[in-house]
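Take the sequences, apply the hints, and build the full model.
2 protein chains.
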Amino acid sequence: MITLELIKELAHPSPTRIVLLVIDGLGGLPHPATGKTELETARTPNLDKLAAIGVCGLSDPVGSGITPGSAPGHLALFGYDPVSFNIGRGALEAIGVDFDLQPGDVAARGNFCTMDKAGLITDRRAGRISTEKSTELCRLLDGLVIENVKVFVRPVQEHRFITVFRGGSLSPEVNDSDPQQEGVAPRVIAASSPEADRLAGIANQFAARAQTILSRHHPANMILLRGFSRRPHFPAMTEIYKLKPAAIASYPMYRGLARLVGMTILETGTSIEDEFRTLTQNYSNHDFFFLHIKGADSAGEDGDFTRKVRVIEQVDSALAGLISLEPDVIVVTGDHSTPAVLKGHSWHPVPTLLYSKWCRPDRVKEFSEAACVAGGLGRFPATQIMPLAMANALKLNKFGA
Amino acid sequence: MITLELIKELAHPSPTRIVLLVIDGLGGLPHPATGKTELETARTPNLDKLAAIGVCGLSDPVGSGITPGSAPGHLALFGYDPVSFNIGRGALEAIGVDFDLQPGDVAARGNFCTMDKAGLITDRRAGRISTEKSTELCRLLDGLVIENVKVFVRPVQEHRFITVFRGGSLSPEVNDSDPQQEGVAPRVIAASSPEADRLAGIANQFAARAQTILSRHHPANMILLRGFSRRPHFPAMTEIYKLKPAAIASYPMYRGLARLVGMTILETGTSIEDEFRTLTQNYSNHDFFFLHIKGADSAGEDGDFTRKVRVIEQVDSALAGLISLEPDVIVVTGDHSTPAVLKGHSWHPVPTLLYSKWCRPDRVKEFSEAACVAGGLGRFPATQIMPLAMANALKLNKFGA
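Order-wise, the sequence lines are chains A and B. Okay, so the first sequence: first residue is 508 according to our numbering, each after it adds one. Okay, so the second sequence: first residue is 508 according to our numbering, each after it adds one.
Mixed in with the good hints there might be a few duds.
[What the hints assert, rightly or not] Distance windows between CB atoms, simulated: (1) S699(B) to P610(A): 32 to 38 Å; (2) P610(A) to K850(B): 29 to 35 Å; (3) G907(B) to T777(A): 52 to 58 Å; (4) E833(A) to I830(B): 56 to 62 Å.
[To be verified] A short, non-exhaustive set of chain A residues, derived as facing chain B with CB atoms under 8 Å: (5) I509; (6) L651; (7) V652; (8) W865; (9) R870; (10) F887.
Hints in this document: simulated from the structure, not taken from any laboratory. Only a predicted model underlies this, so the values are computations on that prediction, with no experimental measurement involved. Beta carbons: idealized from backbone N, C-alpha and C, even for Gly.
Written out as structure tokens, the structure reads:
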């Protein structure tokens, strides 16, 4: 089996450059009226040209039938087996709002909720209060210090927020306070290992203080915490691949994931053109670029077939500039499929193309789900994309004599 | 997962015959002028006929993006996972010059080098002395006996030779004397485990004796040793597959690899026709033949597209005679790709065809990289070739009731 250890042994630095262009949620399903997917509907002359001179296939981010979240989808693209490299829910949520989680920190997901006078939860989501309201309440809770542990509280969306406990090395083995049902009281947070006693005590005190502070803010008069976890320690791409990798992403979650594997985060704007411009401006400083396009996934999640088509067409236009930089390897893929007809992530394999001077072109002439079935890369695990890109950039030594 | 243990459980002897024809470095890349690979350029009516009535696919010797050396490439073809079945560098080099390495032996790779009066290495390769000169010097060092251990020294090429220490069971856990740089003295060989103390002492004495013997042979006035290792113990093909396997190879490295997995080595000549004739002459004595053709790889390594095409055409011609023997299973593949445009081994998957009365033919009508993409075998690990060949020879029992 090809392991990261093997790749680390074989990888060597070189002046060649790799661009990994991730169109989030790229894969789709046919529109009932036309029988064509979003990608098949979009006019994509540049992607089609790359497909014609490159090699195509369909990648499985996690495995057949498995619908990936954003984290496993991206970890696979970076070459990390998404089943063994796990990120706790609290840590992932903190990463998702660009919180700079430190090694000793413990993060938890939080909900504002409604509690009645008897102390029972009547609404786990506090009537889905607005993000503005939630932001205001988070400010009331943020910055408490309990037994020398500082508690950070940051809004996420509507009733959702994150809490991060910082102060020495805290152990996260405690249960959720969120009972995941209404009509009962919040659970007392208890340690499941002796090392976590300290965090359990502090988290319970924090919940009690929050209850006092929020008492006049009905319906958001209490909090629920879950998914206590630490920032995972992953081997860095710099060490495995000997790359100088950079990430360009307008959404915090993807910057956070890139940071976890040791990429440098480049500041960028919010549009597709901004992101491509950032790549051009930083082209000489790095030899690997992860360029993340969020819009296709958002449109798919909204069930907006036409908008997803438009995002793909915008990426195709911006691609011309990237191609003119002549990177040694260009990979275009997604972290999973998000068919508009399903209004969510799906398990379908993801159209993937790889272009390099040294790829073996197949007979695929256009970039689409249907064409990729007949591609030279075949159907393959997304974790193979990085070794393939590295090989095509002539950055991997021969294995064995 | 399919393991050798499972195959061993299911395998049974039978009168059917399998021929595994390995065209070393078979896979290629398109010639810039024609867009066709070496195999696509070659006129191969016999291979095309086999492809049409057989089933085709693309095999990965080690894995996506991994460029295999000859040893891992062949181990995969014999059904052994090339990442877990490892061969030490010294042992591989000894095998490569057809040295009959015994279980207790320790082999090391050697270089003649140049040392100055202060004892510092000034040229790690002794000015790349000729193979003739090196052969002569090896004769001076060969056959020394130190503490009841006999030291064999055999030339490889130019400044390179092998040393084999024989005498009881020697432990190979010692460091290289080769410091891999110039301007420093050769390293003293030290044991990294107590069991290896004896070998370390003997190897140091050997280096000292070599220095004395070579003192008048400047620039080759010293030796450097590295990669101390023993012959690995692999389960034999006779036991796993219950076959009577024979190897036909004009190059010593491939005979050595075949010997490691328990094949009988058949004497043969140097031409492709010689090798096919050897198969015909021994056809009744074995039920498995590994027939190795070196020329395609050598041509690819030399960047000689036309010569590689010619070698493939020669194999195709010789194939007619093999087909007329009506083997039950014929597999044609390579141990890796060696595209002439890359002048070396590469990571690209290898065109593979399997013909038997019981294969399920696909729609592939010609043997080529592009056609194999659409083959019924799909894209698959090369370690699956042996189980497939065994099944098609009706030599594997049903698994489970």
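Structure-based check of all given hints:
no.	hint	in the structure
1	S699(B) to P610(A): 32 to 38 Å	holds (34 Å)
2	P610(A) to K850(B): 29 to 35 Å	violated (47 Å)
3	G907(B) to T777(A): 52 to 58 Å	holds (57 Å)
4	E833(A) to I830(B): 56 to 62 Å	violated (47 Å)
5	I509	holds (4 Å)
6	L651	violated (50 Å)
7	V652	violated (50 Å)
8	W865	holds (7 Å)
9	R870	holds (6 Å)
10	F887	holds (7 Å)
Taken one by one, the earlier hints fail for this structure at numbers 2, 4, 6, 7, listed in ascending order.
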